Amino acid sequence: MIHVQGLTKQYGEKLALDHVSFDIARGEVLGLLGLNGAGKTTTMNILTGYIGATAGEVVIDGHDAFREPLEVKRVIGYLPETPAFYSDMRVREYLDFVCDLKGVKKAGRREHVAAICEEVGISAIVNRVIRNLSKGYRQRVGFAQALIGSPKVLILDEPTVGLDPSQVIEIRALIRRLGEHSTVIISSHILSEIQAICSRVIVLHEGRLLADDTPDNLRRKVLATHRVAARVLGEPEAVLAALSAIPDLRELRQLPEEKEPGAYEYVIESAAMRDIRADVFRALAQADLPLLYTHGNDESLEDIFLHLIHEQRTKGGEAQ
Amino acid sequence: MRAVFRRELRAYFQSPLGYVFIGAMFFFAGYYFLTYNLYGSTTDMGASFKMLFSVALILVPILTMRLLSEDKRYKTDQLLLTAPVTRTGIVLGKYFAALTVYLIAISSTLIEAVAMSFFAAPAWPVIIGNFLGLFLLGVTLIAVCLFLSGLTESQVIAAVAGFGVGLFLMLIDSLAVAVENGFVKAVLHGISFNSRYLPFTMGVLELQNVVFFVSVAAMFLCFAVAVLDRKRWS
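Those protein sequence lines, which keep their order, are chains A and B.
Per the numbering used here, residue 1 is the first one in the first sequence, and the count goes up by one each step.
Per the numbering used here, residue 1001 is the first one in the second sequence, and the count goes up by one each step.
The following block holds chain A by itself, in its conformation from the complex (with noise of 0.2 Å):
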């Protein structure tokens, strides 16, 4: 459905996007995953010919990006970052102008923009004018927008930022919803939101491709219950003492700061690759020492930035 290759974009001296290639098959969910400014809105505005590339190709269900520009985007929705609108609009007029750009036919479009509008959670709001809306509002009127005419491949960028929880779980919900019949793209930069929607994760870090794989081998691969903090209640060196009967360890220390009344935290390392958490819990149980609270492997995406970056050092280093 979508195909890249080699995608290249430079602003000035900076290399926004680095040869990046992937393909998504028609009706997946593919995430976008990267820090700010790792080429994730860039890649949208290529993909949305907001913006051309400067080397690479892309081809969107069987067109040329930059030759038949048209035709691609008469495939796709785009929810860009922040929606812009013609804010002196009213929603009604504002989606009925989208219809007539996209050039949704005047039969059944009515039903059509109010099975959107029902969809997303705006009918109640149509007749107001989009400056008095608020972010949440707002948000989902750019989502109308970008389902109208029914797109087949659908590119949303960074869709529940600014919203709060209980919108955050109907758009995830919505996006899994759509997911079903489009191809989708989303960008983010929580793990955990790509997780819960995308079959597929697409992982950006300045501008290069660090890697393409399921959420869940993903979040196996820097899963690193081999590290663990604990928060132990006792006098540390009894804890210490304790501690120091697990087997293989590279590192035990104590870190400084009282967390709780009595309580300190402690890091744990094996040197072997193994969960020692049970270890963990042992030693302190004969010597009863109140375990508290463990954690460790709720990693951030910054870690799994690190582990890719290192595995891929690594990897280059091998090479040569």
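No wet-lab data here; the hints were simulated from the structure.
Fair warning: this is a prediction, and the values are worked out from it, not measured in the lab.
Since no wrong hints were added, every one of them can be taken at face value.
Here are the computed lysine-lysine pairs in the DSSO-like style, where the Cα-Cα straight-line distance is at most 30 Å:
| hint | chain 1 | residue 1 | chain 2 | residue 2 |
| --- | --- | --- | --- | --- |
| 1 | B | Lys1075 | A | Lys152 |
| 2 | B | Lys1072 | A | Lys152 |
| 3 | A | Lys105 | B | Lys1072 |
| 4 | A | Lys102 | B | Lys1231 |
| 5 | B | Lys1072 | A | Lys135 |
| 6 | B | Lys1075 | A | Lys14 |
| 7 | B | Lys1231 | A | Lys14 |
| 8 | B | Lys1075 | A | Lys106 |
| 9 | B | Lys1072 | A | Lys102 |
| 10 | A | Lys102 | B | Lys1075 |
| 11 | A | Lys135 | B | Lys1231 |
Here the structure of chain A is known, so what remains is to put chain B in place on it, guided by the hints.
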């Protein structure tokens, strides 16, 4: 193109801009009609049309200032440029919307001519020629100012640049007289709007003047499309 045209035309009348522009044009046309035709007791509207040249130069930049600049500032160009519409379609849609408002605004001269016809027979071909001249002036000026609006994100800068062009076009004839160099003189004469416009007010319809206005308009519309296109390559 029709979607953009309809939305722009509606925008003119949802904001005060369209009304202010038409009102101002009606006011000046009415004023010159009063002083030249009513006080002067003549059906010859040439003098009145001659004065409307400067009025158009001042007012048109206000009509066009937001057309492309506003889209850039509020990022609404993202919607237009990612929709299945050509860049030419976007530019032409906006252009014809402005031209429509302009046409409504200058139509007051025709109303005056009709009012006069009850008291004396005006020379209709001459008046139609005059009207055509004023319309062609708008055809060209709107294209130039639309292009200027595409160069900036600021409506104010777009308007000021338009006034600059207008002032230059007003002074260009006296400048041509003052310049010694024959080549510069010829160039200044060549690009003068006034010397192309005046024959219309004298009741002379020359094809070359029509071609001049239309081709300059076409050139600046191409420039405006190129400005939108720049985003794809820079």
